[in-house]
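Start from the sequences and build out the full structure, keeping to the hints where you can.
2 protein chains.
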Amino acid sequence: GEILKRKQPATLRLLQQRRDHRPIIHSIKVAIALVLVSLLYLQKDLYDEVGDNAMWAIMTVVVLYEFTAGATLGKGLNRGIGTILGGSVGMLTGLLSQRAGRRANAVVLGISIFFIGAIASYTRFIPTIKKKYDYGVMIFILTFNLIAVSGYRGEEIVKLAGDRLSTVGMGFAVCVATSFFICPVWAGDNLHRSLVTKFENITVSLEGCLAEYFKTNNQKTAVKTKRSISNGYISVLHSKDADAAMANFASWEPWHGRFGFYYPWDKYLQISETLRQLAACVLSLHSCVQSVQQSPEWIRRSFEKPCTNLGEAIVCALSELGESIHKMRRCHSLASVIGKSLQAMAEELRTALIEPLPHSQDIGLVVERRKKGEEEEVMGGAGLGDALAVAAFAYMLLEMEE
Amino acid sequence: GEILKRKQPATLRLLQQRRDHRPIIHSIKVAIALVLVSLLYLQKDLYDEVGDNAMWAIMTVVVLYEFTAGATLGKGLNRGIGTILGGSVGMLTGLLSQRAGRRANAVVLGISIFFIGAIASYTRFIPTIKKKYDYGVMIFILTFNLIAVSGYRGEEIVKLAGDRLSTVGMGFAVCVATSFFICPVWAGDNLHRSLVTKFENITVSLEGCLAEYFKTNNQKTAVKTKRSISNGYISVLHSKDADAAMANFASWEPWHGRFGFYYPWDKYLQISETLRQLAACVLSLHSCVQSVQQSPEWIRRSFEKPCTNLGEAIVCALSELGESIHKMRRCHSLASVIGKSLQAMAEELRTALIEPLPHSQDIGLVVERRKKGEEEEVMGGAGLGDALAVAAFAYMLLEMEE
Numbered sequence: 047g048e049i050l051k052r053k054q055p056a057t058l059r060l061l062q063q064r065r066d067h068r069p070i071i072h073s074i075k076v077a078i079a080l081v082l083v084s085l086l087y088l089q090k091d092l093y094d095e096v097g098d099n100a101m102w103a104i105m106t107v108v109v110l111y112e113f114t115a116g117a118t119l120g121k122g123l124n125r126g127i128g129t130i131l132g133g134s135v136g137m138l139t140g141l142l143s144q145r146a147g148r149r150a151n152a153v154v155l156g157i158s159i160f161f162i163g164a165i166a167s168y169t170r171f172i173p174t175i176k177k178k179y180d181y182g183v184m185i186f187i188l189t190f191n192l193i194a195v196s197g198y199r200g201e202e203i204v205k206l207a208g209d210r211l212s213t214v215g216m217g218f219a220v221c222v223a224t225s226f227f228i229c230p231v232w233a234g235d236n237l238h239r240s241l242v243t244k245f246e247n248i249t250v251s252l253e254g255c256l257a258e259y260f261k262t263n264n265q266k267t268a269v270k271t272k273r274s275i276s277n278g279y280i281s282v283l284h285s286k287d288a289d290a291a292m293a294n295f296a297s298w299e300p301w302h303g304r305f306g307f308y309y310p311w312d313k314y315l316q317i318s319e320t321l322r323q324l325a326a327c328v329l330s331l332h333s334c335v336q337s338v339q340q341s342p343e344w345i346r347r348s349f350e351k352p353c354t355n356l357g358e359a360i361v362c363a364l365s366e367l368g369e370s371i372h373k374m375r376r377c378h379s380l381a382s383v384i385g386k387s388l389q390a391m392a393e394e395l396r397t398a399l400i401e402p403l404p405h406s407q408d409i410g411l412v413v414e415r416r417k418k419g420e421e422e423e424v425m426g427g428a429g430l431g432d433a434l435a436v437a438a439f440a441y442m443l444l445e446m447e448e
Numbered sequence: 047g048e049i050l051k052r053k054q055p056a057t058l059r060l061l062q063q064r065r066d067h068r069p070i071i072h073s074i075k076v077a078i079a080l081v082l083v084s085l086l087y088l089q090k091d092l093y094d095e096v097g098d099n100a101m102w103a104i105m106t107v108v109v110l111y112e113f114t115a116g117a118t119l120g121k122g123l124n125r126g127i128g129t130i131l132g133g134s135v136g137m138l139t140g141l142l143s144q145r146a147g148r149r150a151n152a153v154v155l156g157i158s159i160f161f162i163g164a165i166a167s168y169t170r171f172i173p174t175i176k177k178k179y180d181y182g183v184m185i186f187i188l189t190f191n192l193i194a195v196s197g198y199r200g201e202e203i204v205k206l207a208g209d210r211l212s213t214v215g216m217g218f219a220v221c222v223a224t225s226f227f228i229c230p231v232w233a234g235d236n237l238h239r240s241l242v243t244k245f246e247n248i249t250v251s252l253e254g255c256l257a258e259y260f261k262t263n264n265q266k267t268a269v270k271t272k273r274s275i276s277n278g279y280i281s282v283l284h285s286k287d288a289d290a291a292m293a294n295f296a297s298w299e300p301w302h303g304r305f306g307f308y309y310p311w312d313k314y315l316q317i318s319e320t321l322r323q324l325a326a327c328v329l330s331l332h333s334c335v336q337s338v339q340q341s342p343e344w345i346r347r348s349f350e351k352p353c354t355n356l357g358e359a360i361v362c363a364l365s366e367l368g369e370s371i372h373k374m375r376r377c378h379s380l381a382s383v384i385g386k387s388l389q390a391m392a393e394e395l396r397t398a399l400i401e402p403l404p405h406s407q408d409i410g411l412v413v414e415r416r417k418k419g420e421e422e423e424v425m426g427g428a429g430l431g432d433a434l435a436v437a438a439f440a441y442m443l444l445e446m447e448e
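Here the protein sequences line up with chains A and B, keeping their order. For the first sequence, the tail end lands on 448 under the working numbering, and the numbers increase by one without skipping. For the second sequence, the tail end lands on 448 under the working numbering, and the numbers increase by one without skipping.
Simulated from the structure, these hints should not be mistaken for laboratory data. A couple of the hints might just be wrong.
Which copy? The list can't say, so a pair holds if one copy fits it or any two copies do.
As the list claims (entries may be wrong) - Using 30 Å as the maximum straight-line C-alpha spacing, the simulated DSSO-like pairs for lysine-lysine come out as follows:
(1) Lys313 with Lys272
(2) Lys373 with Lys90
(3) Lys272 with Lys177
(4) Lys351 with Lys261
(5) Lys205 with Lys286
(6) Lys261 with Lys272
(7) Lys205 with Lys272
(8) Lys286 with Lys90
(9) Lys373 with Lys351
(10) Lys272 with Lys351
(11) Lys261 with Lys177
Next up, the structure:
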């Protein structure tokens, strides 16, 4: 337990330091990609090849470049598929409408733009499409519309669509090359790290709550400490959307580092969900600790030991789990051992609470004392259940790892 | 209280029914905008005017069209400002580099693209810019790059930039017209409604918890009811990001309906934050209700009345506040009256809990009984504090309204 506690702040600090440099590296990568793709204009031979279509390549780079490799790849594939499909449907529509004769041509085009536009826009509300293919559908609508109407103005549709596709491909290649091979930022790594950080945040909050509750009366807690307690669980509580987005990006990423293809990213989301429930428990524990009515100190002292024991067991279990996820190590018997020690601690606290205090006759005081203690216990119980659930998840996860 | 309770499910159902039609209407609006902007190609006079630059108008419509009017307007203004700034800087760079002579020209361009691209990409990480102007910076990079390199290929830069800007403007006008004048969907309305729904969700969850806890042993709760309890507070808990996005869009919206310019949308975010804290309380209350250890029925019965009284007072206060926000009515003395009745109820429960039960000698049992009751009280207390905070917020809000 001790070793873990000393190790973690260091990890945390390291992560925060590291985060500071990544925006600068990202900006330089974008700038390199822009210069590379501008060569299509600036270098004579290349310009002779592609001409003004080079514009599409520049546009592709600016629009596709996202912070993580997975997001860039996902957007790029969306753009590619959207361009191909939109181009094909646009060509078909253009060719069919040309057969309708000069007059009817525009009317046929207008009607097909209306219906295909409406249907494609509607599909963007379907949850599965909205989640992964929203951008692709947008590009489909754009390419379809451009190709269909360009044909009406006598341009050679097939050549136009082909040129557009090839320059989009060039832009995409530049994006992928710079994004994957110069200091890549993997969404999967971020998700992995953010999960480990969640364990750390909850641990910090829980330790803070215990320390706050059992501090002696003349100790004052610094505002900074209080803030770090609540920041811990609040950041975990509000992480749902960010996690979902990151898991989505991670699912686009190819094999990298210790993560294989088809890595079970949704397991990460499940663990996060469990941690959010645990964070909610810590939140209510903290609100009890902060409440105005507090039992006198001698009462608190009397059940300090079982409470801190249970608390430390939970903290230790969480650290252990976080560490094992961090290192992606299988924790062979970890789950059952931790589970058992937690259960023993919880039982100890429960016994201590049911035995009446020797020197208290007043029921009101006993109740006062019970109040806090029982809440600790309820929270502990909840924490226990959750820790076990997390252990089960972690176990599943690491089993799939092997 | 009764009238409100009957009214709310109806409101809720109405909102849900209404939501179903909006995607279809939105799709039709997008299709209309696409057809209108395609006329730039299909109508001969218009095409003679703008030529192939009509492409930019189509692109603008596809890319800008968002579900809410505020989001469309915000993106459109971002695109406009980004295009103007990017075009100006691009023109300057292009003209300056042309003075450098034929050989150095490309090098100067490459260097300026690198530095301006890197700096602009970096600004996208600054929180305030990321929040409201991210899209504008992207368009700035795009336009700057396109205009700067086009000049190198001998095209007339000033004309190019002007044409691009005017066609972007046309696309923007079509977007705004269809988005604002055909069944507009206002982000502000959505935010307002989602706040009212939050009050309803918490009320439903809280009522469900009380009913669940004080139900007789042979009553079984349907799985559906259980799910509706937890859905209530969970949807509130996870609403942070969606709310922030909606408030951002709403801040772009001009005067509409009952909302004026500079409507204090951030007050909505503050109220939501308070409601999220309250939802966390309901969550821990629910986990107590669901816990395996339960006190026997006769004990629960003995403090059913003060508990349900307090619960109903909180529910009533929440409904009242939700209703007053819904109708944007000032609740003159509401805050103080509700606050007082809540305080009285809380006091009643507290007294009931401190008096020992007449027919219980066993301290263990008393403790069991206390456990639940005290938790109710703690939650009630927390709820009280939050309700008062909400009342204070609502009061401020409605005062600004006047």
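Hint by hint, here is what the structure shows:
In this assembly of identical chains, Lys313 and Lys272 lie within 30 Å of each other by CA distance solely across copies; the values are 25 Å between and 32 Å within a copy. With identical chains, the CA atoms of Lys373 and Lys90 are never at most 30 Å apart, being 51 Å at best within one copy and 66 Å at best between copies. In this assembly of identical chains, Lys272 and Lys177 lie within 30 Å of each other by CA distance solely across copies; the values are 28 Å between and 37 Å within a copy. Proximity of Lys351 and Lys261 under a CA criterion of 30 Å is satisfied intra-copy only: 13 Å inside one chain copy versus 37 Å between copies.
Taking identical chains as interchangeable, the C-alpha atoms of Lys205 and Lys286 are never at most 30 Å apart, the minima being 46 Å within one chain and 48 Å between chains. For a Cα distance limit of 30 Å, the shortest separation of Lys261 from Lys272 inside one copy, 13 Å, qualifies, whereas the shortest one across copies, 39 Å, does not. Taking the shortest Cα distances, Lys205 and Lys272 never come within 30 Å of each other, neither inside one copy (65 Å) nor across copies (60 Å). Taking the shortest alpha-carbon separations for Lys286 and Lys90, neither the intra-copy value of 50 Å nor the inter-copy value of 52 Å comes in at or below 30 Å.
When the C-alpha separation of Lys373 and Lys351 is checked against a cutoff of 30 Å, the pair qualifies neither within a copy, at 32 Å, nor between copies, at 53 Å. In this homomeric assembly, Lys272 and Lys351 come within 30 Å of each other (Cα to Cα) only inside a single copy, at 23 Å, whereas the closest approach across copies is 37 Å. When the C-alpha separation of Lys261 and Lys177 is checked against a cutoff of 30 Å, the pair qualifies neither within a copy, at 48 Å, nor between copies, at 41 Å.
The structure does not agree with the numbered hints 2, 5, 7, 8, 9 and 11 stated previously, though it agrees with the rest.
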